[in-house]
Amino acid sequence: MSFQRCLSTWKPQAPATVLLSKREEEILRWVAAGKTNWEISVILKVSLNTVKFHLKNIFQKIGVENRWSAIAYWQNGEQHRATPLSPSSDDRFASSDQPN
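Add 583 to the 1-based position in the sequence shown for the working numbering, that's all there is to it.
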């Protein structure tokens, strides 16, 4: 079964209203943008353990067990109070051989 097909049929086991903190929502947006925990820690200027702590809380609040399910949750539009971040909006991880 393809990932896209899974997205179309999967629903998280979460409460009807999930209240994420501003920081949790920001981290979830970066996860959905494809960033690793380390990249998120650099972008937000926090420790790697802080990112992991917030992800653990996010997973518990939205009723998922891993980042793939959290991404599916985000992409299904369950938590869109803010515009998702674009991976290109942060150029700190851009390759040096790419034109500016």
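Each hint should be verified, as a subset may be incorrect.
In silico BS3-like cross-links for lysine-lysine, where the CA-CA straight-line distance does not exceed 30 Å [as the list claims (entries may be wrong)]:
{"no.": "1", "residue 1": "K605", "residue 2": "K628"}
{"no.": "2", "residue 1": "K639", "residue 2": "K628"}
{"no.": "3", "residue 1": "K639", "residue 2": "K605"}
FYI, nobody ran anything at the bench for these hints, they're computed from the structure.
Discussion item. Name the hints, by number, that the structure is in violation of.
Written reply: The structure conflicts with no hint, since it agrees with every one listed earlier.
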